[in-house]
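S.K.: Chains as they are written, first to last, in my numbering: chain A, 8 to 497; chain B, -7 to 83; chain C, 904 to 1470; chain D, 22 to 321; chain E, 135 to 615.
The hints are simulated quantities; they were obtained by calculation from the structure and are not laboratory data. Treat the hints with care, since some could be wrong.
Claimed, not checked - Straight line, CA to CA, 30 Å or less: simulated DSS-like cross-link-like pairs of lysine-lysine: (1) A:366 - C:926; (2) A:453 - C:926; (3) A:453 - A:366.
Stated by the list, open to error - Computed footprint of chain B on chain D; a stretch qualifies when at least three of its residues, placed anywhere within it, have a C-beta under 8 Å from a C-beta of chain B: (4) 36 to 43; (5) 74 to 87; (6) 133 to 143; (7) 267 to 281; (8) 284 to 294.
Every value quoted in this text rests on a predicted model; they were computed, and no experiment measured them. All residues carry an ideal CB built from backbone N, CA and C; glycine is no exception.
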Amino acid sequence: MTELLPLAILMTSLCAAPIILAIPERARTLRTTINLTAATLKVGLVAWLSIAVAAGGEFNLRLGIAPGLDLHLQADALSVLFLALSAVLWFLTTIYAIGYLEGGADRSRFFGFFSLCVAATVGIAMAGNLFTFLIFFELLTLATWPLVVHRGTAESHRAGRIYLAYTLGGGLALTLGTVWLYALAGDVPFAPRGVLGDLPQTAPLALTAIFVLLIAGVGVKAALFPLHGWLPLSMVAPAPVSALLHAVAVVKAGAFGIMRIVYDVYGVETVQLLGLAAPLAALAAVTIIWGSVRALTQDDLKKRLAYSTISQVSYITLGVALLSPVAAVGGLAHLIHQGIMKITLFLAAGNFAEGRGVKTVSAMDGMGRLMPGATIAFTIGSLGMIGVPPLAGFVSKWYLGSGGLDAGQPMVIALLAGSSLLNAAYFLPILYRAWFRDPPEGAPVKRRIGWMLAVPPAATAALILAAGLLANAPFSPLGWTRFIVSLEYL
Amino acid sequence: MTSETMYILAGVLLAALAMHRLCTARDALARILALNVLSVGIAMLMLLAGRVAGVTDAVPQAFVLTGIVVLVAVTAALLSLAERISGGDDD
Amino acid sequence: MISLPLWLIPAAPLALLILLSLKGARGAVRGLVPFAPVPALLAALADPLPLPITLDWLMLGTQFALTDLAATFLLFTSVLWGLAGWSAMRMLAADPQRDRFAALFLLAMAGNLGLLIAQDIVSFYAFFAMMSLASWGLVLHGGGAAQRRAGLVYVVFAVAGEVALFAGLAFAAHAAGGITLAELRGSDVPTVAAVLIAAGLLVKFGAVPLHLWLPLAHSAAPSPASAVLSGAMLKAGLFGLIVLLPPGLDPTPQAATLLAAMALAGLIVAPVLGLIQGDPKAVLAYSSIGQMSLMALGYAAGLAAPQAWPVIAPALVLLATHHAFSKAALFLGVPVVWTARPGMARAAIIAALLLPALALAGMPGTSGWFAKEALKSGLSAAPAGWAVWSGAALLVGSFGTALLMVRALTLLSATPHKSDIPVDTALPWGAMMAAVIVGLSVSGLQLPAQKPVHVGDILPILAAVLLAFAGSAAFRYGRIAFTPPRPGEILALFQREPAPTPLLALPAPPRSGRALARRPKRRIAARPEQGGLAILTLAAGLALVAFLADAPPPIELGNPSVDVAPK
Amino acid sequence: MTQLFDALLAVGIVGVAVAALFANDRFAAVGAFMVMGFLVALSWVRLGAPDVALAEAAIGAGLTGALLLRSARRLRVEPKMCQSRWSVAASGLISIGFAGLLYAAITSVPTVPAYPPLVAERLGESGVSNPVTAVLLNFRAWDTLLEIAVLFVALVLVIVVPVSRVRPAPLGEMVVPFAKVVVPLSVLISGHLLWQGADAPGGAFQAGAVLAGGGLALVLAGAMRLKKPLQGGILRATALSGLAVFGAAAVATAALTGHLLGYPDGQAKIWILGIEAVLTLAIAATLVLLFHGSVRRVPK
Amino acid sequence: MTEAYVLALLPFLAAVGAAATPRMAAIWGLCATLINLGASILLAARILSGGDMRADLGDWPAPLGISLVADGLAAVMLSMTAIVATAVALQAMSWGLVQPRGGQQRSRLQAGFWPLWLATLGALNALFLSGDLFNIYVTFEILGLSAVGLTALTGSRNSLRAAFDYLAAGLAGSLVFLLGVALAYAAVGRVDLAAVPALVDTATGRLALGLIFAGLAVKAALFPLHFWMPAAHSSAAPAASAVLSALVVKGALYLALRITIEAGAGIEVLRIALAVLGAAGMLWGSWMALRAERLKLLVAYSTVAQIGLITLAIGVADDPSTSAMWQAAALLMLSHALAKAAMFLAVGRIAEELGHDRISGLNRTDLRPGVAEFAFAIAAVSLIGLPPTAGFIGKWLLIDGLIDRGAWVWIALLLGGTALSAAYLSRVVSRCLRGGPHVAPGARRPEWRTGDVAALGLATTALALGLGSALPLTLLNGTAL
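The shape of chain A in the complex, shown without the other chains:
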């Protein structure tokens, strides 16, 4: 029974999706019930799985597709890390989305694809080989698209088109890389410290090319520097979408993919041998700075957050690319930390838009007085992003910095410092406006923010605090990532 846990986790959202899609628009209660049941169930199952994996359990499920091609679900420590993130945040965001879309149109479609997205994310988390990863990765692309264009405006359609162009293009690169690797190595399962055997010696050039293709493929979703153009545009989507998907699921899927490729396909030694880490790290560094610089000039709140995401997600890549255990801990922990921080920011931003119609930074004046709860959550998120201790962001930055030094790359410190400065430069003005400016004359439209909108950001803000304050506690994100890294680097 327990062996089927991964499948069950996948199915909670995969099965929910078509059911929700088929539910008539009017059946609000039914839809909400299914949504919440599935989300709750998934959190429970993921908790169960985490405990089982921590106890050393192994989960493998296979389905043959073609000779040499298996659909393979597995659950290892790294899977659990991502799973836990998506399950918990899915739960919170579902609550939020139900509140957010109250009275909106096409909710069945929205929640159907929403569930499908989570299914894809979960699938990515539990993919046991590159092929399975690819399948769920593409599924994620497809399932997200309807959410990006959900509003149906010309702008959102444009964003959707560009999103699709980027992600499908990335998908092609990933596919090519995957096929190539399969052609060279046969099945490519994910296993700690790589699976390529003596290929690095026999076919170094091909492996390098494949690495570039794979990274380009997942790099689109991870919004690595030249491939990041879709992310700010897709912010036209409703807030929960931006929150869960663009802050967490999609970009994290990309980052997670980079981890898998570096750690579990190539292995640290091979990456080092082929000299691929330094370019990747450089790319991540450029992205970190570039995203922040671009964020500075954005007046649209969500766009600013989006550019910030671009910058922050590359921390993860950086942590992976530095090839030092400590940096890896930082990168992996940032996977979680950035997720909860950015989702807090987006949910709060959604509340600003919903409650007061505020969508731009310049309209944030006095928001702290108008919507103190959301603003506090936003503040915590921003400070976390800047890396102010004792919030979650500090922990990852600290580990990244130490890891950079471990790897003999003191420039990482400079990078982190520069990035933190830039983070402060684009977040603090928002906080300043929100807290220290007077609200504009002529009270803006005020709409009631129900508990469904208020609680999730508060909860994630609390998580930010907890993840930072209790970083050293067992089962904290940091603790879990240390566990993972101990497996990858021996």
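Following the hints, put chains B, C, D and E in place on chain A, whose structure we already have.
M.R.: Just chains B, C, D and E now, with coordinates in the frame of chain A:
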């Protein structure tokens, strides 16, 4: 030059002329005619291909016979369609 | 004696902060703000000092301990925060944003108190950052253009300082192989780490030229906030230097020289720039720069002559304590002056303020004098070259401070009456004055040996007073008009007239791909004969290709280097 | 002498074909086409393929010619558009090249047909002595079944694409005497062709075509009225019966012998004749219907 | 081989029945389709368990007689046809029932559709089973004629014109094919498929193959010879379009694949020529689809592109005797058939609801997106070849083989084609995802119809087929080489 060679030449020429007509004619009837001529040319070639020592193979004969019947059916269909198109009025 | 768990020191203000989020409890919390540092005060006074504690689960593993040094700092810090809190709550009693102020005040307090007991890098840094960033809100509180500007400058410096500190600590921790301060002190801190840490701390310290934020912030913040900024938070920088970068076994002459140069610059710059300010709080701020420069000088001497450090350190602590109390008394006095209309009452208050002012100037018999004497004896242990000018520096310091005090009190006495400030802000000030007075007698006892009073000790003060009179007479009778410069020193040059800087406009959206969808109409198969031609051509082509292809050749698709052998 | 005759015939065929293809006048072209068909039939008789020759004369030249003549009047003449000379030249060149290629290919290898010995060997088992009929209805009866299916589909197509024109008036009294002669004659000839098909040139297709000629005469004389296209009628039922019976026979043979279209031992001739008889009628009916077309009444 | 007999004969008999009794045509059609489905599944199962099967019709062995050959490839094609046929039949029933036009028109459509459609089915089955080139020629004629009939069924001027062009081009193609058969006969003296390997040895034989491929290119609407196709496929009735696009062209593609498998390494040159044409077709079709203004035309051009892709797959496949790359082509055919049929059925429903099929007018404000649009989207996923569809697996196998050979140019072309297909299909899907301001509050939602079920079912099958690719691949693996 044997008789067979002459007939082969005739067949080849029929086919080629018909092809040429098909490539230059716009008129429906001319095209249908060209297709029929092409078919005759091919039938000629097929019969001659099966001719060894003055005897014509029975199987290609059957092929040609079938071909003729098929072609008349298709021609009828083509003409019917062409007439309908020329008929002017539309639904 | 009650054994106090150390975590209670930062936890107390944080607990109040959490209570503040409950609407019903706000009134009570406002009343409790002055008592938030009580646990800290108790811990500082406890004998024996509370035991160190380790909280492994907290952050990256946290250790708290209260050293003797920290206890001294904690003493004046807690007193200052408590009285300033009292004052602030009185002064802002009618302010609609008082709860925001209270929250940030508590947060900064927690940070300031917490960093004194932190025994690991991470929590030290966390508390330090908490204090710095929360103070941003204190500076911004007034909401005017000056506050905005000061806030901007403050936050830029603070964040830059934080980042430098973070980077330095990261380097240091990597070199030390651990994050406890003990490990840090036990290792060789790399130069780059030391420089970065020092830079981060010196920003907070207000050392020239990293002081630019200081006058702006002090004059913009509400007076109680200025009191803690100047009295307590600047000292956190000093504390950090002493704790993180204590002078080691070997002298580090370059660092010492650099720091001494900065200190001397501060001693000169502070009075020069301070005198021309029009705002009494700005003048007081410049005097803080001067005083901090003295401490920097002491620390530099310690770096130059580590063997003298055991002598210098207590002197620095004494100087810090003295400055904290005196400066806080002056700042807290500012709103009290405002409550009084010009007249006897105001004169009395100004007269009372003379006491901390004279103490700051080093009037013999005051705590200032004792502190300076202690410092002087410390400096005497410095390398030979130093003695020549360190004495002069101290003289200049005293002279400058005295000038600044005169200027400050003069300006203060001329400030307009503000009726919206409650009269009872005088109570915390009174308490502060009492602490200063107690300090006058107590501080002297701590010195190992009584020092004789030299004439030279009073001379700078007298000279300053005379010069001030002469100056004011010259201005009055010479009809010299003097407009105080805009605050901000060189930063003022960069300030544009229309203050609010608009955010950049959104970039133009990228081109859309719609053009693809448009096309002219075309009839399909309009020319059927072309289809026939196509068929013929292709058939002939394929036939020819096939006909001419001799034996089946081995065909290589794509890459010619890969040979595909036909089977 | 024979060679000269063959040469003349070949030249004649090509010449008439050129006329058929390139004549400006439609009726002349169709006429030339019919002449070409008869010449080709003649040549095939020369080549020892009388079955095919018969079929070409009756169906290829006769019926197709009749169909083309029918349509020649009805089809709108496409307005002439100036052809690009280049495309004409290209087409000509390619055609010439293609012809050369074909000629080279077909004469480059001596053909060794695999069939004659096999046919000779198996003819005895086939139940008929005319090898062409044996191939058509026994050895490769599946081809023939599908061929009937082609006719069937063409019929359906012609029915579902009704032509919007008033029903053609019968040619009337003038044709009746002609029909009186032709119809019985066609019945007779087709019966003969059908019967002799087993042993000598002839068979269902030729017989059907001849019968269809008679039928057309009847139709043109107005003696036979075709009902509404969809509602059936004897003619339609007959036309459909061809595929139905052939298919049913195939099912029956499969049931009897386990081989689709494998006639039971010794009964091949009966089966073949039976099928041919039905096919003759069906083919005739189909061809008549194909000629007549499906007419949609234009509402007045 | 009973199943094979049923497959080959039953549709024709049912067609006659449907033509003879127009009122019961739909019942004939449905019954025949369902039996056909059952028979094809049984046949596939039998081949899976017992290997290839072969039957000499009338017990006359080839080359004199005609053999029916049922191997894995044939079984896959037959099953594909049967599945699509079932969906099409379902859709056609609803289409016939709800057609808004008058009763007589409707009955004519019904009466015409079923015999033609059943004949198409029969011809396809016969084609897939046939082991003789001349026999295949005859099946092509049935196929061509009935397909033309389906095109012309609606009776609109456009469809008639398209039908005429279709038939004329198809006939020309058939004749070229027949010429090829004649030359093949001239070269080796026989015309059964088993003679194909021998054809390679002589110039005449190769020329014959060249002509046969040229004929097939016309029938399959391969790139420069696709001129007749978009008009035909876009002007036919939805169910008919589905058949034409999904199945009819597959006949020719199947045969091309079959011949390349039989001919083996000997016709590399021809194969490469095919691959080049395929690549060109892929790009051209995609380009035209990108610019199409009408939905049906877009889908039809997408067929041009997909045919190009499949031809490319056939062309670049390694020598089939040594490599299994050709299976990619078969899988692509399968995937395309299911997806394209679903797409046309969906387009039919969309056009029915909207009253037109202009792409720019897809986002109407008074109509919510319906099931058909969803089905279209899923079908689009399959067509693009995104995982986990069968199209993806097909492309995977193809790229896998090409990588082994280092044929990067082809890979680039393939990926480019994929990207283009995503581009033009997303044009439509994006409009189907209308919402917000594009939908009025009281907008109605299209009702469920049988056609929706058919489209959705097919689309889902296409999607799920990727996960179940093991089944067709196992079947294909057994195909004799």
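S.K.: Which earlier hints turn out false for this structure, listed by number in ascending order?
M.R.: 7 and 8
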